[in-house]
Amino acid sequence: MYLDLDGQGARYAQLIRALKGAILDGRIAAGARLPASRSLARELDLSRNTVLAAYEQLQAEGFLLGRVGSGSFVANVGSAAPPRRASNVLIAPLSAFARRALTHTDGRRIPGRQHLDLRYNLQYGLPLVNPLLASVWRREVSRAAEHAEFDYPDAQGLPALREQICDYLSRRRGVPTAAEDVLIVSGTQQAFSLAARVLLEPGDAVVLEDPHYRGARQAFTTHGAHARGCRVDADGLVPAALPASARLAVVTPSHQFPTGALLPLARRVELLDWAAAQRAWLIEDDYDGEFRYGGRPLAALKSLDRDGRVIYIGSFSKALFPALRLGYMVLPAALRDAFVAAKWLEDRGNNSLEQAALAHLMSSGGFERHLRRAALALRARRAAMLNGLAKHAGDTVEVVDSNAGMHLTAWLTRANHGDCERLVAHARERGLGLYTVAPYCMKPPARPGLVLGYASLPPADIEAAMKLFGKCLQEIGLR
Numbered sequence: 001m002y003l004d005l006d007g008q009g010a011r012y013a014q015l016i017r018a019l020k021g022a023i024l025d026g027r028i029a030a031g032a033r034l035p036a037s038r039s040l041a042r043e044l045d046l047s048r049n050t051v052l053a054a055y056e057q058l059q060a061e062g063f064l065l066g067r068v069g070s071g072s073f074v075a076n077v078g079s080a081a082p083p084r085r086a087s088n089v090l091i092a093p094l095s096a097f098a099r100r101a102l103t104h105t106d107g108r109r110i111p112g113r114q115h116l117d118l119r120y121n122l123q124y125g126l127p128l129v130n131p132l133l134a135s136v137w138r139r140e141v142s143r144a145a146e147h148a149e150f151d152y153p154d155a156q157g158l159p160a161l162r163e164q165i166c167d168y169l170s171r172r173r174g175v176p177t178a179a180e181d182v183l184i185v186s187g188t189q190q191a192f193s194l195a196a197r198v199l200l201e202p203g204d205a206v207v208l209e210d211p212h213y214r215g216a217r218q219a220f221t222t223h224g225a226h227a228r229g230c231r232v233d234a235d236g237l238v239p240a241a242l243p244a245s246a247r248l249a250v251v252t253p254s255h256q257f258p259t260g261a262l263l264p265l266a267r268r269v270e271l272l273d274w275a276a277a278q279r280a281w282l283i284e285d286d287y288d289g290e291f292r293y294g295g296r297p298l299a300a301l302k303s304l305d306r307d308g309r310v311i312y313i314g315s316f317s318k319a320l321f322p323a324l325r326l327g328y329m330v331l332p333a334a335l336r337d338a339f340v341a342a343k344w345l346e347d348r349g350n351n352s353l354e355q356a357a358l359a360h361l362m363s364s365g366g367f368e369r370h371l372r373r374a375a376l377a378l379r380a381r382r383a384a385m386l387n388g389l390a391k392h393a394g395d396t397v398e399v400v401d402s403n404a405g406m407h408l409t410a411w412l413t414r415a416n417h418g419d420c421e422r423l424v425a426h427a428r429e430r431g432l433g434l435y436t437v438a439p440y441c442m443k444p445p446a447r448p449g450l451v452l453g454y455a456s457l458p459p460a461d462i463e464a465a466m467k468l469f470g471k472c473l474q475e476i477g478l479r
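Numbering-wise (full-length UniProt numbering), the sequence shown opens with residue 1 and increments by one.
These are calculated hints, taken from the structure and not from any lab test. Each hint should be verified, as a subset may be incorrect.
To be verified - Cut-off 16 Å, straight-line C-alpha distance, at most; resulting in silico cross-link-like pairs (EDC-like, lysine to aspartate or glutamate):
1. K20 to D6
2. K443 to D233
3. K20 to E61
4. K20 to D4
5. K20 to D45
6. K471 to D401
7. K471 to E429
8. K391 to E463
9. K471 to D395
10. K443 to E61
11. K467 to D395
Using the sequences plus the hints, can you model the full thing?
Here it is in structure tokens:
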């Protein structure tokens, strides 16, 4: 028990004042059992007789109740002064970074996760639930724990995991790289945060596709960068619309988020030429490159990079589960030391136990077996959504089918932006979670649209959700 004796007068009197203050302030609640006299005497370096004298005086004054064979208990005497609570009034101004962080997020809750109680929630980013993966992962973590090292991890990442990532990227994404160029990070969001710190000064321009992933915009603008949008069409980013100057551009060439466009080879070359001419860096966010359901994808933009301009980012949030908080960056050699230093300063490196578990999962073939199973499940869910939209929404929506990923984008053909917001609100009342394209845009989109995630629901639920979607369209007069 913590008691602060004030040093004034006899020791038993100091103890009485300290106990009274704790009881009246509510730090020791009514009914609480006080430590035995011997125990408290040892803790406070007092004689047992001193503690006994204090307990007897407090019993006489009605602050304590003595129960034979049970000890001393705090009486219900009320509180002369309620316990102090921390004030939410600032006593000093926040930093500019903190003010921007509060501006671009709400500071506490996760954006988009406030409607998890809906019967059918089509929120993008919710994970594919796979009970078999949970069992496999527990086994891998237990195995890794048997060989765990208890020192600080390598800030750059476990060498075994970096080597497995190199092998995977070479085979699956056409990205030849070496383990020394890979940095393990806590997901895509930390990768953006590190890039902002290492590559940008406050006020520097960063180019984002419009529309784009909001987390990137939040990371860079909170750092103080000036975000500039670049137009996207049916083929992805339009290189001719790139600004005359910028320090950095963030692109999703293999599956534009959220429209789903695939950037053609000619535009990839134009983008690399722009970066070389501007002496700018390119961040390639390959957020869901593991999941394609038709057609032969182009190799990653990083595979075309000859000037060391492209920083490739991958994550295990979609491939495995977001709670893992593991991702990676493939860095140009010129940037490697600076990024590793920034990572070390930020968190000293990721959890080595989970890195070891993931490295073994990859080396044993378990990771790619899981990807094959996940792709089959996602293919079925995607088909259920496409069929449901065709059956229950008809020509009221125009669906962008990109043959990849974990979501679809559906543009409303007979609605304005106000109608779209009414649809979202009405659907939510009916237990269906719909989400608009608008928050992903810097400029209002030319037409209203919805980003429909299908990973978290089984096909039967998706079919039911699409039927309910069609009813909602009818009920607000859009069909």
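Taking the hints in turn, this is what the structure says about them:
{"no.": "1", "hint": "K20 to D6", "result": "holds, 13 Å"}
{"no.": "2", "hint": "K443 to D233", "result": "holds, 14 Å"}
{"no.": "3", "hint": "K20 to E61", "result": "holds, 10 Å"}
{"no.": "4", "hint": "K20 to D4", "result": "holds, 12 Å"}
{"no.": "5", "hint": "K20 to D45", "result": "violated, 19 Å"}
{"no.": "6", "hint": "K471 to D401", "result": "violated, 23 Å"}
{"no.": "7", "hint": "K471 to E429", "result": "holds, 13 Å"}
{"no.": "8", "hint": "K391 to E463", "result": "holds, 10 Å"}
{"no.": "9", "hint": "K471 to D395", "result": "holds, 14 Å"}
{"no.": "10", "hint": "K443 to E61", "result": "violated, 71 Å"}
{"no.": "11", "hint": "K467 to D395", "result": "holds, 15 Å"}
Hints 5, 6 and 10 from the earlier list are contradicted by this structure; the remaining hints agree with it.
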